[in-house]
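Work the whole structure out from these sequences, hints included.
Protein chains in written order, with our numbering: chain V, 1 to 259; chain Y, 1 to 551.
No lab work stands behind these hints: they were computed from the structure.
Ideal Cβ positions, reconstructed from N, Cα and C, are used throughout, including at glycine.
Only some residues are given here: those of chain V computed to face chain Y with a beta carbon under 8 Å:
hint: 1; residue: Arg111
hint: 2; residue: Gly112
hint: 3; residue: Ser113
hint: 4; residue: Leu114
hint: 5; residue: Phe153
hint: 6; residue: Tyr156
hint: 7; residue: Phe157
hint: 8; residue: Thr173
hint: 9; residue: Ile177
hint: 10; residue: Cys211
hint: 11; residue: Ala218
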Amino acid sequence: MTAITYTVRYRLVQFGQSLVVTNRGGAWIRGEISPEGAVESGVLSRDWPCAAGVQTPEILPWGARPGKRGGRGTMSTPIEVATAVKVAAPKAPAAPKDEITLIANKWKNKRGSLIMALHDLQSRVGYVPRESAMRLGHEMDVPLARIYEVVTFYNYFKLEAPGKYVISVCLGTACHIKGSAELLAGMEKELKVREGQSTPDKEYHLQAVRCLGCCGLAPLVSVNGKVYAKLKTNESHHVIERIQIDKPMAEADHESLAE
Amino acid sequence: MKPEELEVKAAAELAKQQAFDVRLFTCSSRGCQSSEALGVIAGLKAELKARQLESRVQVNGSGCMGLCSKGPLVRMTSKTQKDILFSEIKPEMAAMVVEQVVVPVLEGKTIEKPGGDLEHHTLDLNDPFFAMQVYSVLENNGKIDPEKLDDYIARDGYKALRKALTMSAEDICKEMLASGLRGRGGAGFPTGLKWDLTRKVQSDVKYIICNGDEGDPGAFMDGSVLEGDPHAVIEGMLIAARAMNATQGVFYIRAEYPLAVERVEKALRQARVAGLAGKNVMDSGWAFDFEIRLGAGAFVCGEETALIASIEGKRGTPRPRPPFPAVKGLWDQPSCINNVETLANVPIILLKGAPWFASRGTEKSKGTKLFALTGKSKNNGLVEVPMGMTLRDVIEKIGGGTDSGLKIKAIQTGGPSGGMIPEHQFDTPVSYENLQQLGSMMGSGGMIVIDEHDSVVELAQFYLDFCVDESCGKCAPCRIGGTQMLHLLNKIVAGTGTAEDIKTIRKVAKAMQKASLCALGQTAPNPTLSALRHFEHEFTERLLPVATPKA
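Quick look at the structure:
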């Protein structure tokens with residue numbers, strides 16, 4: 001397995017066992033990932049055509065959003081593809097088949113209900129797995145391409161299994177004014193992951209969100225729905241500690257969510 | 001439910017409420033719930049049960065009471081004395097509230113201001129924050145339990161619908177037009193006119209859509225109204241449906257507001273069971289029902305045509321208008337899209353009359369407006385003020401200035417589509433026209449206070465970044481123009497910009513405003529432009545120093 005340092009401005013996304021590279025124009029090139037996580041086809045070599053003068057390498061695992069701060073593509077350092085693939089290739093369970101049938105039956109006779117069905121699916125498994133999306137599409141008679149086009153358009157849908165504890169740092173205006181960017185940077189440092197990524201042990205997933213609607217309590221962080229409000233921007237360490245203490249509660253919430 | 005049963009229900013509920021000596025309302029909206037308000041409710045109930053006072057004291061949840069930064073708030077009302085509003089009550093303090101305040105009041109004592117540990121947990125209701133607000137849409141918040149239909153009926157709920165059922169569609173539209181109500185989503189289109197346009201289109205199927213996709217970061221008014229008084233919005237929609245002969249109602253709500261969705265779902269169930277929605281609305285033979293659709297985190301879906309695409313289960317991209325939704329909307333049928341706050345105003349207008357509503361406000365902007373006052377403001381939260389109040393009163397009196405004591409530099413209204421208003425223009429009265437003249441806009445109602453230490457350049461960058469991120473990419477002016485503008489703004493923030501860059505920003509902004517397909521692209525340059533207009537020196541200070549030729 002070769003680790004490739006990737007420095008071009010193409011998005012690297014993963015869908016199940018496929019690795020997809022795309023540029024903004026929407027041209028797609030696929031590579032395959034072996035069970036060990038290596039990239040088998042040759043498309044991801046250093047010979048990959050680089051756009052000249054590109055200043056912002058942007059490599060993201062499937063489903064990750066481009067860096068929110070400073071706009072798209074502000075990652076400052078190249079990531080090793082192999083690492084990105086490893087992180088992004090969890091063996092998470094897809095929703096049980098009968099459950100998908102249930103969702104499909106609930107919505108398929110209502111016009112335009114694809115988004116609602118996807119909401120149902122994500123609320124059960126925490127994200128939209130490829131296999132489940134395929135089955136859902138099959139049962140609702142919606143092509144996978146339509147589903148893909150919808151889930152990639154809306155920020156709310158996740159295409160990758162998030163960590164057990166989803167830490168959402170609010171970057172709404174009120175929080176921004178009160179220094180949430182600093183808070184997020186601290187969290188990134190503390191967890192050693194970037195915004196939009198999970199820790200390798202899949203324990204934490206760090207994400208930035210736009211406004212949770214509790215602006216009076218800014219700046220704030222929400223973990224699996226539990227809100228940590230009126231934080232100080234330099235206390236990310238303290239927040240992680242509190243999350244660790246509150247874990248049982250978060251776990252209980254998580255279980256009840258699954259039910 | 002037959003029309004005359006409303007009074008019976010209301011009287012029964014009022015009698016029930018009268019039987020309690022003390023009623024406690026704990027804010028159970030999103031903000032306070034995140035500060036353990038549900039624990040407070042449980043704590044109060046447990047303590048009252050232990051003291052066997054359940055029959056004398058009622059414990060309720062309630063909608064947002066405004067001062068979100070001091071939550072959870074608990075309001076105590078009693079027949080024998082004036083209201084007390086407690087702030088920052090933790091679940092473990094519930095017993096203290098009962099022991100030190102509720103019990104003495106039940107014993108006949110009058111408590112002016114609780115002492116001891118609760119002294120700093122009591123808010124003065126004569127404070128300008130409360131005293132200067134004019135509650136109309138928020139009138140029920142803190143006074144009813146949003147999860148109880150009877151509470152709403154007891155406060156004249158659904159009486160406006162009953163009146164609407166006796167009126168002709170045209171008359172309802174006329175009444176709305178006479179009231180001067182304008183769209184509270186931001187653009188300010190006269191609601192009566194919009195309804196009338198939809199009414200005049202002939203079709204067997206028509207939709208009335210409630211836009212609850214409050215995408216503006218830093219705004220939470222619509223979510224609070226849906227959470228705090230869901231029946232008011234449902235009633236407003238029923239009346240709107242009547243006014244344009246609509247056949248189906250659709251709620252489009254942000255998925256990020258699960259509590260609002262839950263409350264609306266519950267309220268709809270209650271309304272159907274009570275015969276206020278569904279197959280036979282108020283025994284009139286008219287059938288009308290609702291559907292709920294969730295957004296999925298796309299700011300552009302606040303735009304009418306994008307919202308319709310999203311309800312149809314597609315990517316939320318706008319399309320050119322005309323045809324306007326009033327002619328060709330959801331599933332190509334005539335549709336009317338109204339904002340949550342607009343709809344919440346409707347029952348009030350019908351019940352109290354257009355002249356009453358029009359008596360508040362300025363010549364062209366009537367009624368009241370909700371604002372989400374946040375940022376560096378001392379008092380953070382949800383406020384309702386009459387149109388025509390000066391910005392200074394809102395920010396300095398209701399908002400109480402800054403929490404840090406620093407000087408206020410400006411406010412930002414209208415979110416990513418609005419602009420900044422500098423301190424020296426604060427004496428302007430709030431109205432759609434005035435805010436537009438100042439280079440901002442009313443928007444949905446976010447009002448963010450920034451102090452002298454905050455950089456307007458970085459705030460402009462923040463908003464533009466948001467718009468670039470949320471651009472759907474369909475039209476080039478917005479997709480490319482936004483990215484280019486942001487690129488230049490990033491340069492300036494990094495300290496490598498030149499005077500030429502500022503010129504280019506202005507040029508690109510103009511192109512975006514003129515050529516973008518929808519309001520997102522047309523208004524995305526606004527925060528940057530208004531920052532340049534009022535604070536150009538902050539931009540020039542950050543430019544690369546120009547080498548001066550040697551003498």
